[in-house]
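Order-wise, the sequence lines are chains A and B.
Numbering of the first sequence is given in the working numbering, commencing with residue 547 and proceeding in unit increments.
Numbering of the second sequence is given in the working numbering, commencing with residue 163 and proceeding in unit increments.
One should not assume that every hint holds.
As the list claims (entries may be wrong) - Straight-line alpha carbon distances no greater than 25 Å define the calculated BS3-like cross-link-like pairs of lysine-lysine that follow:
#1 A:K796 with B:K230
#2 A:K834 with A:K790
#3 A:K819 with B:K220
#4 B:K186 with B:K230
#5 A:K802 with A:K819
#6 A:K790 with A:K819
#7 A:K834 with A:K802
#8 B:K186 with A:K796
#9 B:K186 with A:K790
#10 B:K220 with B:K230
Simulated from the structure, these hints should not be mistaken for lab results.
Residues per chain, in single letters:
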Amino acid sequence: MHSASEQDTAPFVHAMGRALPPHYASQEQLIAMLRELWATRHFNLERLEELHRAVQVGGRHLALPLEEYPALVTFQQRNDAWIRVATALSEDVVRRALAPAGLRPTDVDHVFFVTVTGIATPSIDARLVNRLGLRDDVKRTPIFGLGCVAGAAGLARAADYLRAFPEHTALVIATELCSLTLQREDLSIPNIIASGLFGDGSACVVLRGARAGQAGPRVVASRSVFYPDTERIMGWDVVDSGFKVVLSAKVPQLVKDHIRGNVDGFLAQHGLKREDVRHWVAHTGGPKVLEAFESALELPTGALGRSWASLREVGNLSSASVLFVLDETLRTAGARPGDWGVVMAMGPGFCAEMVLLRW
Amino acid sequence: MVEPVSQQVLAEIRRIAIEELEWKGAIEPQHDLLLDLQLDSLGLTVLAVGLENRFRVKLSEEDAVDLKTVGDLIRLVEARAAQSAEARP
């Protein structure tokens, strides 16, 4: 059960922003482009087209115009493009989050920057200090490697921080340019599936400590779950040309096997049951992952409607995905004071992160 | 002497399982694809695509319905390869 003091120190999700790169390609355009590449190794191209259609993604926003991708061959070329676009997109998303909330960059005390699609030192958050005019005493925590779980985990870690510093304001920025990790020469089935599912985008959450400003839902609690000995379920093999995807079909089964017990245990700690939760904010892992969430948690029809819609509209944006769904929930769910919500995502480790919200 | 097609298919299944699916056990025709080889949907797709590429055949969803063992898969690929050979002018 959550105590009164726990509630008193719970930070607020004050505002959010989303940004997508301007270059958009429909799934059929992408299939047409990739077909020629697939034909260099594969015989049954219809099967591969079906794999791309089965992920139920309508299209993706891309970091670069389609015609610029073939020239990206080396890790350096891919990562240089990543730094350039990730910095610009992250700057854009922070401005979109702060301005409508009436906040300035100088109001920010701590920046948590999460990504798994590129690397930079100084990290992107450092570049944002210069571009946005953040204060020179701003704290920065770049987080690399959590993958799809990092949107929920970043939210949770920022909330942990704000419990200790309740006067502070923190940003969680999740910027993922999955298209720049695509290994064109890797014509393995996992990579072909990944090239049909993942898209590019950035999300920003403005969190404020309990004594900084009280608007939006509170982050009441969070729970991390690690699944032992599942390291090859998802991740990167780092190769000379960049990040080569590791993706197992066991992900939906892991969700089916564990998420119900994880969620029930987490909610029980706070005196809650699944039926008390009105807003479910699930990472858009893919159709099979969303179906696994729905069946394991016995969710009512439409409970994950925003996740399905986001998957269809922009694809799986890795860590940014769950934050896109959270932003849509804040804007359109018509949440009432007292409503409970659960944010949940899974990622490499293999692991899960759950965040409990109260409006 | 030319190796029978069935032996070539079995050899290719073993290669794909070891090189692409990180399988470390034995593979014999009587083995069950799901129970013994522990193939999931992605594993079955990787196997099917590998065989299609090597033997220039197309395997469909309907084909998969009656497949249970490695032997079933060998016979299917063998039959498809024979059909492809007949169709060639």
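Hints, one by one, checked against the model:
no. : hint               : in the structure
1   : A:K796 with B:K230 : 20 Å, holds
2   : A:K834 with A:K790 : 22 Å, holds
3   : A:K819 with B:K220 : 49 Å, violated
4   : B:K186 with B:K230 : 20 Å, holds
5   : A:K802 with A:K819 : 18 Å, holds
6   : A:K790 with A:K819 : 40 Å, violated
7   : A:K834 with A:K802 : 10 Å, holds
8   : B:K186 with A:K796 : 18 Å, holds
9   : B:K186 with A:K790 : 22 Å, holds
10  : B:K220 with B:K230 : 18 Å, holds
Consistency with the previously given hints fails for numbers 3 and 6, ordered from lowest to highest.
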